[in-house]
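Colleague: What follows is the residue order along each chain.
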Amino acid sequence: MSPRLLLLRLLRRWHARIGFAATLFFLILAVTGLVLNHGNRLGLDGRSVHAGWLAHWYGIKAEPPRHAFRSGHHILIAANGRWLLDGKTSGLTLPEPLGLIELADIFVVASEAALYVFREGGELIEKLDPAALPGVPVRAIGSSARRIVLRTASGIFTSADAMSWQPAAQRSVLWSAPAELSASERQSYGEALVPGVSLQQLLLDLHSGRFAGSYGPLFVDLLAVALAALSLSGAWFFLLPGFRRRRH
Amino acid sequence: MTAGGPHRHALFAVALCLCAAAARADVYQEPDAFIAEVFGSKPAPKLFWLTQDIQAQAGAILGHPPEQLRQRYWSDAHRSVWILEETGKEELITAGFVVAEGRIDHVRVLVYRESRGQEVRQSAFLKQFKDAKLKQGDRLDREIDGIAGATLSVGAMERMARLALFFDRMSRR
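Line by line, the protein sequences give chains A and B. Counting in our numbering, the first sequence runs without a single skipped number right up to 298 at its last residue. Counting in our numbering, the second sequence runs without a single skipped number right up to 183 at its last residue.
Heads up, some of the hints might be wrong.
Some, not all, of what chain B presents toward chain A, calculated at C-beta under 8 Å [what the hints assert, rightly or not]: (1) Pro41; (2) Asp42; (3) Glu77; (4) Gln78; (5) Arg82; (6) Asp86; (7) Glu96; (8) Thr97; (9) Met180; (10) Arg182.
Worth flagging that the hints you see were computed from the coordinates, not collected in a lab. Beta carbons: idealized from backbone N, C-alpha and C, even for Gly.
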């Protein structure tokens, strides 16, 4: 066998080997690249991936929930900027709640700077910003005679509809207070409330190799070299028969 | 994942930077001040309830279901003011819309929380909405020119403008 044929066979073998070995990585690069290119249309921006191992891998410390707020029919647990309200986790980042009260057909969650009024079924009726509150920061929320009562930095106020507020006395108010969680509750709720990593960031890190650490981008560089080698050898195999025909 | 130590710090730093960017909020004008500027003083708010039909139409305008079931607004005989919030890229943009006679009188970005795209608050961009009204399909009667690097914020502003006009029309029925 001529040395040229041997070289050609060697090249073909390594072309196949490199191509096969890199298949998975090329697929990852192709898929992540495609999805990132259409990220806006796919709505990647607002989406997060919530997994304990992923948060740990990114070095994001997950705080376990410490307590729950309970009313007659509702339960709210919060940790890591997320709420678990009646078993449903929030998609948006939400502030630390201060309390939860239940009125006739609504329930209300208070944070320092907002009130969240929910329908009995859990749909958000309205989020009240500081401009719609009688004072901020809110220190506590309670109920009295089917009215919402807020303790704020500027006094105690009450409202029947969360629209207009009147100053109130502190008498006979049932203030919402946190209830301690057992160790098993803390663990199970903690799993539901793990912090999220932006899906777009995750895809970018997978695409660039940064997900695998400081050597990841070097590995992606090697993949780029391998892809160049495959392209050149592929072009060579494609053009070679033509060259031969022309020479003869 | 044993080699995760050093790179995790780098990723954590990236995550921290993202969190810091996310936590930032540029308040250009308090919503209360915007309402008072329009009416001279702040009138009592009115409530606009989103019935199922309205939720469906608002969802078609926004591209997602509306976040809440009722919307506060302020109005007199001629004008209505809507303070709306919509996500640009990752964070909410708060904007005030003044609607008069079914057309946008003026728009102002009140709070901007994204790390990029603040150009949407500039008057050169916002004046494109002046006198805009809804045409068939609840679309604006004009094209709003985009801003390079702020495409998603521009999209959010346009959706909010359509929603303000739609809410104004429905609230006057």
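Colleague: Looking back at the numbered hints, which does the structure fail to meet, lowest number first?
Modeller: Hints 6, 7, 9, 10 are the ones this structure does not satisfy, whereas the remaining hints hold.
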